[in-house]
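Visitor: The lines below spell out each chain.
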Amino acid sequence: MIDYDVLIVDDDDDLRQALFEALADESFCVAAAHDGAEALSWLRAGNVPSIVLLDNTMPGVDGLAFRRAQLADARLANIPVVLMTAARPQSVPAELRCEPMLQKPVQLDHLINLVRTYMERRGAS
Amino acid sequence: MTSAFPHEAPDLSICENEPIHIPGAIQPHGVLLALDEDSFIIEMASTNTSDLLGRSHTAVIGQPLASLVDAASLQRLRTAAAMRPLRRANPVPVTIAQRDYHATLHRSDGLLVAELEPASSVDRLAATGDLAAVVDRLRTVRALDDLFTAMVDEIQALSGFDRVMIYRFHEDLHGEVIAEALRPGVGNFSYLGLHYPASDIPAQARRLYTLNWIRAIPDIAYRPCAVLPATNPRTSRPLDMSHAVLRSVSPVHLEYLANMTVQASMSISIVRDDKLWGLIACHHATPKTIPYPIRLACETLACTCSWMLDSLERMLHTARHARIADAKLLFVQRLSRGHGLQDALLRDAPNLLDIVDTTGVAVRFDGRWETAGTTPPGEALEALTPWLEQMDGSVLATDAVAEHHAAAHGWQEHGAGVLALCFGKKQRNYVVWFRPEWVHTVRWGGNRLQPVWQERPGARIAPRRSFAAWEETVSGHSQPWTPYDIEAARGLLEIAMGEEIERAAEIAKLNVDLATALRGRDEFISVASHELKTPIATLGIQLAAIGRMLDRSDEAVAPETLREKIALAKRQIDRLDILVGQLLDVSQLAEGRTRLAPSYIDLAVLCREVVERLNTGAGTGPRIALDAPRPVRGLWDPFRCEQVVANLLSNALKYSSGATVELHVDAIGAAARIRVIDRGVGVPPEAMTRIFERFERARPEDHIAGLGLGLWIVRQIVEQHQGSVDVESVVGQGSTFTVTLPRDVQGPPSNARDAPKEGPRHD
Numbered sequence: 001m002i003d004y005d006v007l008i009v010d011d012d013d014d015l016r017q018a019l020f021e022a023l024a025d026e027s028f029c030v031a032a033a034h035d036g037a038e039a040l041s042w043l044r045a046g047n048v049p050s051i052v053l054l055d056n057t058m059p060g061v062d063g064l065a066f067r068r069a070q071l072a073d074a075r076l077a078n079i080p081v082v083l084m085t086a087a088r089p090q091s092v093p094a095e096l097r098c099e100p101m102l103q104k105p106v107q108l109d110h111l112i113n114l115v116r117t118y119m120e121r122r123g124a125s
Numbered sequence: 001m002t003s004a005f006p007h008e009a010p011d012l013s014i015c016e017n018e019p020i021h022i023p024g025a026i027q028p029h030g031v032l033l034a035l036d037e038d039s040f041i042i043e044m045a046s047t048n049t050s051d052l053l054g055r056s057h058t059a060v061i062g063q064p065l066a067s068l069v070d071a072a073s074l075q076r077l078r079t080a081a082a083m084r085p086l087r088r089a090n091p092v093p094v095t096i097a098q099r100d101y102h103a104t105l106h107r108s109d110g111l112l113v114a115e116l117e118p119a120s121s122v123d124r125l126a127a128t129g130d131l132a133a134v135v136d137r138l139r140t141v142r143a144l145d146d147l148f149t150a151m152v153d154e155i156q157a158l159s160g161f162d163r164v165m166i167y168r169f170h171e172d173l174h175g176e177v178i179a180e181a182l183r184p185g186v187g188n189f190s191y192l193g194l195h196y197p198a199s200d201i202p203a204q205a206r207r208l209y210t211l212n213w214i215r216a217i218p219d220i221a222y223r224p225c226a227v228l229p230a231t232n233p234r235t236s237r238p239l240d241m242s243h244a245v246l247r248s249v250s251p252v253h254l255e256y257l258a259n260m261t262v263q264a265s266m267s268i269s270i271v272r273d274d275k276l277w278g279l280i281a282c283h284h285a286t287p288k289t290i291p292y293p294i295r296l297a298c299e300t301l302a303c304t305c306s307w308m309l310d311s312l313e314r315m316l317h318t319a320r321h322a323r324i325a326d327a328k329l330l331f332v333q334r335l336s337r338g339h340g341l342q343d344a345l346l347r348d349a350p351n352l353l354d355i356v357d358t359t360g361v362a363v364r365f366d367g368r369w370e371t372a373g374t375t376p377p378g379e380a381l382e383a384l385t386p387w388l389e390q391m392d393g394s395v396l397a398t399d400a401v402a403e404h405h406a407a408a409h410g411w412q413e414h415g416a417g418v419l420a421l422c423f424g425k426k427q428r429n430y431v432v433w434f435r436p437e438w439v440h441t442v443r444w445g446g447n448r449l450q451p452v453w454q455e456r457p458g459a460r461i462a463p464r465r466s467f468a469a470w471e472e473t474v475s476g477h478s479q480p481w482t483p484y485d486i487e488a489a490r491g492l493l494e495i496a497m498g499e500e501i502e503r504a505a506e507i508a509k510l511n512v513d514l515a516t517a518l519r520g521r522d523e524f525i526s527v528a529s530h531e532l533k534t535p536i537a538t539l540g541i542q543l544a545a546i547g548r549m550l551d552r553s554d555e556a557v558a559p560e561t562l563r564e565k566i567a568l569a570k571r572q573i574d575r576l577d578i579l580v581g582q583l584l585d586v587s588q589l590a591e592g593r594t595r596l597a598p599s600y601i602d603l604a605v606l607c608r609e610v611v612e613r614l615n616t617g618a619g620t621g622p623r624i625a626l627d628a629p630r631p632v633r634g635l636w637d638p639f640r641c642e643q644v645v646a647n648l649l650s651n652a653l654k655y656s657s658g659a660t661v662e663l664h665v666d667a668i669g670a671a672a673r674i675r676v677i678d679r680g681v682g683v684p685p686e687a688m689t690r691i692f693e694r695f696e697r698a699r700p701e702d703h704i705a706g707l708g709l710g711l712w713i714v715r716q717i718v719e720q721h722q723g724s725v726d727v728e729s730v731v732g733q734g735s736t737f738t739v740t741l742p743r744d745v746q747g748p749p750s751n752a753r754d755a756p757k758e759g760p761r762h763d
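First to last, the sequence lines map onto chains A and B. Position 45 (the first sequence) corresponds to 45 in this note's numbering; numbering is contiguous. Position 667 (the second sequence) corresponds to 667 in this note's numbering; numbering is contiguous.
I should point out that these hints are in silico values taken from the structure, not numbers from a laboratory. The C-beta atom is built at its ideal place from N, Cα and C for all residues, glycine as well. Wrong hints could be hidden among the right ones.
[As the list claims (entries may be wrong)] Reference listing, derived: stretches of chain A covered by chain B, where coverage requires no fewer than 3 residues with Cβ under 8 Å from a Cβ of chain B: (1) 9–23; (2) 103–109.
[What the hints assert, rightly or not] Non-contacting residues of chain B with respect to chain A, defined by C-beta distances greater than 10 Å in every case (computed): (3) Glu-37; (4) Leu-211; (5) Ser-242; (6) Thr-374; (7) Leu-614; (8) Ala-659.
Could you build the full structure based on these sequences and the hints that come with them?
Guide: Take a look at the structure:
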């Protein structure tokens with residue numbers, strides 16, 4: 001079991017790279033996956049992040065499919081997930097919604113604070 | 001259909017039930033004998049045999065006819081009885097005790113009935129000569145009014161009656177005198193135009209008149225002469241005299257005639273389609289004998305009148321029918337030339353006003369009213385719609401619309417009468433013809449002993465002078481609609497409905513198309529917003545990261561790191577540039593606002609430059625292999641061609657699953673050919689035409705980045721160059737996109753001077 005701080009799941013190479021480097025510069029322990037399938041297999045391999053930053057629209061296993069699979073799996077269900085979406089919050093299907101949801105483009109400062117909060121929560125429990 | 005005329009009087013129920021066909025008596029100007037057909041034995045006889053034949057009826061009943069008539073007459077009678085039809089044999093000349101008679105034969109209740117009327121020398125005068133002249137006159141008649149006038153004139157001249165009229169039955173069975181001829185010198189009171197209630201000629205009289213077409217009363221003051229025995233031994237009922245010439249008539253009728261100071265009368269039926277259309281009524285102020293030949297001539301004329309009525313009406317009907325058919329044809333032509341329905345029906349003559357004889361017409365179609373001629377105003381028309389909606393069937397006709405739709409009182413001068421055709425119930429599409437109010441006076445004649453006239457809406461009754469005529473002023477009604485009008489209106493239905501159905505189908509299709517387009521657009525908007533926001537997000541993160549880097553005072557910023565971050569940021573700007581450019585293109589290409597700026601270029605060079613650009617930016621992605629051994633020169637818009645190549649290549653790269661993408665450029669005859677080959681996921685057969693549509697993906701669930709516009713833009717540009725683009729693909733193996741562009745080169749390339757190498761414009 002390897003602990004991580006953040007898992008970034010997004011199919012856009014540039015955005016993934018930008019997020020990865022920006023968070024790494026803050027000394028977080030960061031991992032990245034380019035779609036839901038890769039993310040699921042990474043998680044099932046025993047890696048546990050404090051928070052997952054999840055993009056909605058990805059080829060293959062998209063945000064919705066990832067969420068379903070995650071919630072159905074007892075080992076993964078409790079991992080906190082933050083959804084990053086370009087769409088308006090109201091148009092996100094109910095089963096996909098998580099607290100909180102971030103609308104693209106996301107603010108880096110806000111993101112950093114969010115990661116810190118979830119790390120502290122995890123540390124506390 | 002409302003009637004302007006009073007109800008039948010309850011009072012005359014006696015008359016209605018009076019069995020006038022079995023009066024048990026005859027008028028005494030002739031003798032009635034009823035014979036057994038085989039033995040010619042007299043079984044029934046009128047009691048006036050003694051007056052006319054010299055033998056009392058008791059002496060005659062039970063005797064063979066041979067005992068009365070001479071052998072020759074008997075022979076003639078026997079021959080006549082054998083004739084088929086029997087009436088052809090009439091009249092049969094018969095001699096009894098040296099006096100000559102006309103015998104009229106008919107069969108009734110199993111007996112052969114012979115009615116004998118004294119012949120006079122007058123009869124010998126051949127009426128036939130006159131008849132020929134009359135027929136000649138009738139032959140030239142072309143209008144109904146002329147027919148009626150000719151008829152009464154000729155019958156008056158032939159018969160010598162004081163007054164001869166044509167009495168016509170209206171739909172509700174009341175009658176009107178529509179033609180009249182007076183014997184010269186008779187006085188000037190005219191019955192012309194008088195109306196008589198239906199009860200004046202009760203139902204059983206009308207029935208009889210349809211069976212037996214002529215009846216005469218030479219003297220209304222006659223004393224009825226009984227026919228004995230009172231009951232026919234064969235039937236135990238009185239003899240049915242429906243067909244008897246001498247039949248004694250109802251005392252009510254005699255009184256009626258007396259009230260009109262008529263002492264002798266004759267009437268002949270005008271029958272059309274087995275229905276009583278009217279009567280030729282003859283009146284005389286003093287008793288008058290009507291010899292048989294005259295009766296026959298008049299009856300013949302009346303028959304002629306029936307036939308001519310038929311053929312004249314048919315002629316008019318045919319002429320009218322042809323006019324309407326022509327108008328309908330023209331409507332169809334106008335419709336097929338693209339005129340709107342209301343335009344086609346209303347604008348120029350001939351129009352709907354030629355289909356039905358009116359002064360105004362309105363058409364409701366697609367929720368709007370359009371009119372021609374004089375009609376009620378717009379709001380009034382729309383207010384009419386709820387009433388029209390209640391229409392049962394396709395056609396509604398009333399000559400007094402205000403009785404059904406109170407608001408119509410306000411516009412009666414334009415349209416007291418309404419004829420409406422519904423050609424689209426759900427859409428509430430109507431054609432409405434209007435007839436103006438026809439205020440007129442109806443003069444009523446008739447039996448003074450009659451009933452109380454009930455007040456009806458629109459009627460004001462006042463007695464007129466001393467004669468038995470009442471004047472009724474009828475308002476709120478138009479001229480009534482004829483069955484022809486209704487038929488003409490109905491005939492329009494197929495045209496209007498055809499259009500209606502087509503229109504409905506069109507609208508349905510447009511709705512479907514609209515829904516599809518809206519869905520596509522909405523999907524596109526959500527895809528577009530995602531595609532645009534992602535590079536903006538990256539840009540934001542990158543700049544914020546750079547800012548934080550600079551703010552951290554604990555480490556020095558490595559220039560190389562900074563440069564890399566800035567490069568990533570700049571790449572997003574390029575991405576946005578392309579996306580926004582595509583959006584602008586789409587809007588311009590869709591509206592046809594782009595114009596090509598062709599110049600003489602080499603496609604091979606252009607492709608090389610595009611490939612270089614894409615290859616350097618790709619990083620670790622799949623690469624593009626270019627195969628362009630020879631120059632491919634032609635007249636094309638370089639900017640647009642670059643778009644085509646770039647879009648095809650980036651499309652291939654996206655779907656190539658990592659394998660190398662090939663770009664082949666060569667010339668095939670008079671055209672240039674560009675092929676982009678990838679070994680990617682491929683395009684399923686059902687999606688092959690769809691992918692060139694706007695906002696389309698081969699597999700929308702794939703969430704592949706991009707707006708889905710690339711291929712559509714390619715197609716638009718290629719088609720603007722008069723070229724074509726196709727795809728061949730196998731799912732799972734890859735696709736080949738082929739663009740063919742005609743060269744448009746003047747003169748063979750080898751003779752041309754080396755054309756300047758023109759690269760694509762960079763804005």
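Visitor: Please go over all the hints and tell whether each is borne out by the structure.
Guide: Okay, the hints, checked on the actual structure:
Three residues within the 8 Å Cβ limit are the bar, and the stretch 9–23 of chain A against chain B gives 9, so the coverage statement holds. Coverage of the stretch 103–109 of chain A by chain B holds [criterion: at least 3 residues with CB-CB distance below 8 Å; count 6]. Separation of Glu-37 (chain B) from chain A is adequate, the least Cβ-Cβ distance of about 101 Å exceeding the 10 Å criterion. For Leu-211 (chain B), the requirement that its beta carbon stay farther than 10 Å from each beta carbon of chain A is met, with the minimum near 86 Å.
In this structure Ser-242 (chain B) is separated from chain A by more than 10 Å, as the shortest Cβ-Cβ distance comes to about 90 Å. Every beta carbon of chain A lies more than 10 Å from that of Thr-374 (chain B), the smallest distance being close to 58 Å; the non-interface claim holds. Every CB of chain A lies more than 10 Å from the CB of Leu-614 (chain B), the least distance being 15 Å, so the non-interface label holds. Even its closest Cβ contact with chain A, about 17 Å, leaves Ala-659 (chain B) beyond 10 Å, as expected for a residue assigned away from the interface.
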